[in-house]
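> Protein chains in written order, with my numbering: chain V, 1 to 77; chain A, 1 to 281; chain H, 1 to 176; chain W, 1 to 385.
Honestly, the hints are just simulated from the structure, not real lab data.
Being a predicted model, the structure only gives us computed values, none of them experimental.
From the three backbone atoms N, C-alpha and C, an ideal C-beta is built for every residue, glycine too.
Any given hint could be a false lead.
Per label pair, the in silico range of CB-to-CB distance [said to hold, decoys possible]:
#	chain 1	residue 1	chain 2	residue 2	range
1	H	P59	W	M384	42 to 48 angstroms
2	H	Q158	W	V188	31 to 37 angstroms
3	A	K17	W	D322	35 to 41 angstroms
4	A	K278	H	Q158	42 to 48 angstroms
5	V	G33	A	R119	53 to 59 angstroms
In silico DSS-like cross-links for lysine-lysine, where the CA-CA straight-line distance does not exceed 25 angstroms [what the hints assert, rightly or not]:
#	chain 1	residue 1	chain 2	residue 2
6	V	K3	A	K10
7	W	K2	A	K278
8	W	K8	H	K150
9	H	K160	W	K2
10	A	K278	W	K8
11	A	K18	V	K3
12	V	K3	A	K17
13	V	K70	A	K236
14	A	K10	A	K236
15	H	K160	H	K150
16	A	K198	A	K251
17	H	K160	W	K8
Calculated from the model, a selection of chain A residues having no Cβ within reach of chain V, i.e. all distances over 10 angstroms [stated by the list, open to error]:
#	residue
18	A33
19	L47
20	S48
21	M136
22	T137
23	G138
24	L227
25	K239
26	W269
27	S270
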Amino acid sequence: MAKVTLFPQACKGMEDCGICALVCPQHLFTSSGEMNEAGYVPTRLTEPEECTGCQSCMLSCPDMAIVVVKEKGEEAS
Amino acid sequence: MSLAEHPLRKYTRPHVKKTTTCPGCGNGIVAQAILWAIDELNREEGLSMDDFVFVSGIGCSAWIPSPLFAADTLHTTHGRPIAFATGVKLGLPRQKVLVASGDGDLAAIGGNHLIHAARRNIDLTVVMVNNGIYGMTGGQTAPTTPRGLNTITSPYGTMEPEFNVAAMVAAAGAPYVARWTTYHPRQLKRAIKKGIQKQGFSFIEAISQCPVQYGRVSKLGRATAILEHFRDHSLKLAKAREMSEEELAGKITVGEFCDRQAPELASQWSELRARLGKEQG
Amino acid sequence: MRTELTIAGVGGQGSITAGVILGAAAVTYDHQYAAQTSAYSSELRGGFAAAWVVLSEEPVLYPRVIAPDVLVAQAQDSIERFAKVLKPQGVLIYDSDMIAQPPAQITRAHPVAATSLARNEMQAAIVANMIMLGALCQVTGVVSPGALEKAIADAVPQGKQELNLRAFALGRERVG
Amino acid sequence: MKAAVRLKPGTHFIEGNLALAEGAIAAGCRFMAGYPITPASEIPNRLSQLLPTVGGVFLQTEDEIAAICSAIGASWAGLKAMTATSGPGVSLMQENIGLAASTETPLVIVDVMRFGPSTGVPSVGLAGDVVQVARGSHGDYQIIALCPESPQEMYDHMIRAFNLAERFRCPVFVLPDGFIGHMREQVVIPPDQEIELAQRKIAPAGTTPLERQDFLDPEVAPMPVFGRGRQAHVTSSCHNGQGMRNLTDPEVMHAFATMPIEKILRHRDQIVEVAADYAPGDVVIVAYGTVARSARAAAQAARAQGLAVGTLCLKTLWPFADQEVAAAAQQARAVLVLENNTGQMLPYIKAEAAAHCPVQFLGPRLLGQIHEPNAVLTRVKEMMS
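Assemble the whole structure, with the sequences as input and the hints as a guide.
Okay, structure coming up:
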């Protein structure tokens with residue numbers, strides 16, 4: 001289990017970017033369908049409880065729009 | 001949710017709220033890899049952003065540290081960041097000096113500085129973002145563009161082979177050279193961290209995606225498609241060394257090209273000054 | 001008074017060194033002003049080499065030699081290049097081993113067999129320029145012998161002072 | 001080799017390039033980067049010996065571009081930095097001279113000028129770079145350039161150049177020609193304690209760029225030198241007073257281009273220096289660099305013949321001595337401009353002088369050779385008749 005925080009205002013969207021969806025081994029990302037201030041449609045997590053905390057999405061997000069904190073205080077590796 | 005909550009935000013200038021890159025650009029992945037490496041060094045060795053000077057040239061990737069990173073940043077002319085960084089390092093030998101720039105900047109117009117910095121073995125960490133194209137100017141051929149690709153300035157296909165920059169820098173004498181892609185953010189971070197720790201010239205080539213320009217001319221399209229290409233065509237150096245040239249066509253060799261010790265320039269200057277100072281009493 | 005001197009030879013004869021020492025002697029030990037310039041061809045030996053020195057009690061305004069009052073010629077080439085610009089009453093000091101017959105119009109010509117003296121009496125061909133300096137000093141008095149001796153000692157390598165000073169003295173004695 | 005030793009205070013008979021190198025050390029220079037080039041090579045040769053003995057660094061670079069870039073980097077590291085080259089090297093450096101001007105970087109650039117264009121004649125001096133040092137980089141900017149006429153001035157001007165660079169945070173040129181670079185003459189070296197040195201102001205500790213004005217202050221902003229936790233943001237792009245890139249606001253663009261110019265021109269009286277020796281009604285010979293000596297020699301000869309001839313010798317070429325030239329022209333019967341080129345400064349001099357009196361130009365009979373005083377005197381007499 002892990003806690004995932006998304007920053008939709010920083011996200012450049014599933015349509016144009018979508019890297020989080022590519023690298024997530026659990027295929028948890030999808031489009032939120034709602035446009036942000038910059039005109040992008042950010043991603044959202046379909047089933048947050050399925051996240052394993054691998055942090056691939058966080059490390060691969062070009063816009064620092066995702067934070068994944070592993071439970072038990074594990075750190076990014 | 002506030003942006004300030006991202007754990008790397010403590011290393012960025014508070015007033016810089018967002019990146020200036022196109023959607024899906026690899027620059028942000030490289031920026032994170034640099035900052036995560038520093039974050040680890042912060043926890044392990046107590047290094048802070050005040051211990052760094054970041055130098056960049058011209059091109060999209062030159063904006064990785066400038067203005068984002070909350071540290072001394074020097075954004076310079078096209079091709080010359082290594083030359084500027086050399087002066088900074090010799091003037092401030094205790095600072096960590098990191099150059100982040102692109103393949104056009106470091107391998108085309110600035111190629112000679114790259115070769116000579118590697119030969120001199122001055123303690124710089126150079127992170128070269130290689131997207132195989134001139135992105136900022138609109139998709140022209142770079143020295144790193146794969147042969148045969150139709151670009152804006154090679155409308156009939158590039159006739160020149162691509163530049164194996166990491167191998168060239170290793171051959172020029174750099175003690176640490178590695179290449180990874182933006183599909184390998186963890187490895188990239190580890191290589192950058194190792195490069196910062198290495199006393200000497202270290203060169204980390206980050207093969208990266210430019211969905212807008214490279215994606216267009218390569219017909220790979222989106223960032224995710226280019227990343228999938230990286231995933232499917234990357235090959236560890238150790239394995240690549242056992243393969244023939246034909247087998248290696250179209251592959252991206254990744255891994256450490258070298259990791260060795262050699263006398264470093266700035267520290268040799270410190271030693272010389274100490275010796276001459278003693279002689280003079 | 002302004003005195004213009006040209007010291008010329010071929011590369012390797014030490015003409016420029018002689019010019020530098022002359023200027024240094026005047027400035028450092030003789031309370032004069034001096035401006036010294038030089039020219040040489042790109043090959044190290046055998047090509048053209050010349051030093052020009054302007055000496056004056058006043059600061060030197062115009063630093064070039066236009067028509068020398070004194071020409072020190074160490075080679076036939078030096079005569080060919082510079083004898084024609086020597087002032088009508090100018091002094092020529094020449095190495096008689098290298099130059100058989102100075103031009104007839106030069107009335108004040110002083111030979112010194114610098115090359116053979118250096119070889120045979122000093123066993124050091126390299127000091128021919130010091131012999132020429134000695135001759136120059138003796139004939140013209142533009143710089144005092146004491147000042148030149150000190151400047152020679154400053155300029156030559158450690159351990160070679162005595163040899164060079166003896167050559168300088170020999171030039172003063174043997175100039176014609 | 002063993003530690004090299006600086007020349008002791010006193011009178012020396014040394015060539016201009018050597019005097020310049022000694023002057024650099026006395027001025028506090030602690031970093032030089034350079035690439036060998038005739039007729040400037042004696043400067044890196046000597047500084048490579050001296051710099052490590054005073055705690056400095058000498059770097060022989062792969063080219064002149066790297067030389068100026070690393071000198072700028074060293075200046076931002078807090079060192080007094082310089083490079084030395086000749087005209088071909090300055091041509092290569094030009095882009096980054098513009099960077100130094102726009103990032104307000106203290107820096108001394110020595111250009112021992114040689115006969116051009118192109119490879120030309122390396123060993124023969126020609127004042128061929130006097131405009132390229134001021135106008136050779138793209139865009140609009142202002143540099144300071146000093147023009148020595150003797151080995152003594154090569155020493156003195158280096159100290160002044162570093163002081164001006166530190167005081168005004170800008171690149172300063174020292175522009176001898178190859179003739180003076182290789183000429184030997186008496187040089188009086190003062191004891192260090194008699195030399196006044198300027199040091200740059202440094203941005204206050206504990207601040208970040210948004211709390212400061214690091215750039216674009218016409219009264220010269222303190223410099224946020226690197227390595228002191230100032231989080232300096234330095235960019236060659238258009239930037240505001242905090243140094244932050246701004247490519248959209250016309251007000252910022254205007255300030256970015258004009259403030260570094262204003263910073264120097266506002267203080268031109270502290271910078272511009274001439275040697276004036278003329279009386280009302282004189283034919284005034286205007287000259288600079290090596291041929292200023294021809295001008296003085298000609299004026300001396302003219303006066304000995306009872307002719308009213310004076311001189312105005314420019315010690316600084318940039319900012320241009322517009323007021324001083326105009327003042328001389330207002331009193332002069334005529335102005336004769338001597339330059340060891342085909343008239344590069346002539347348009348600037350004419351712009352100030354031509355409204356007040358006739359202005360003529362005289363180059364040397366053979367370009368690259370210095371004017372013979374008699375030739376100058378002949379022209380002066382023609383102008384008087």
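> Given a hint of 42 to 48 angstroms, does the C-beta separation of K278 of chain A and Q158 of chain H actually sit inside it?
Violated, at about 24 angstroms.
> Does K278 of chain A lie within 25 angstroms of K2 of chain W when you go C-alpha to C-alpha?
The given pair, whose Cα atoms are some 11 angstroms apart, holds under the 25 angstroms limit.
> Check the hint pairing K3 of chain V with K17 of chain A against an upper bound of 25 angstroms on the C-alpha distance.
holds (23 angstroms)
> Does the structure keep K8 of chain W and K150 of chain H at a Cα separation of 25 angstroms or less?
The hint holds at about 17 angstroms.
> The output says M136 of chain A does not contact chain V. Does that hold with a beta carbon cutoff of 10 angstroms?
holds (16 angstroms)
> Closest CB-CB distance from T137 of chain A to chain V, is it above 10 angstroms?
Check passes; 21 angstroms lies beyond 10 angstroms.
> Is K160 of chain H close enough to K150 of chain H, meaning Cα to Cα at most 25 angstroms?
holds (13 angstroms)
> Quick one: work out the minimum CB distance from S48 of chain A to chain V and report holds if it exceeds 10 angstroms, violated otherwise.
holds (18 angstroms)
> Check whether the Cα positions of K160 of chain H and K2 of chain W lie no farther apart than 25 angstroms.
holds (21 angstroms)
> Regarding the pair K10 of chain A and K236 of chain A, is the alpha-carbon distance no greater than 25 angstroms?
violated (34 angstroms)
> Quick one, are K278 of chain A and K8 of chain W close enough, alpha carbons at most 25 angstroms?
With a Cα-Cα distance of about 20 angstroms, the restraint between K278 of chain A and K8 of chain W holds, given a limit of 25 angstroms.
> Does the beta carbon distance between Q158 of chain H and V188 of chain W stay inside 31 to 37 angstroms, or does it fall outside?
Since Q158 of chain H and V188 of chain W have Cβ atoms about 27 angstroms apart, the given range 31 to 37 angstroms is violated.
Comparing the model with each earlier hint shows violations of hints 1, 2, 3, 4, 13, 14, 16, 18, 24; every other hint is respected.
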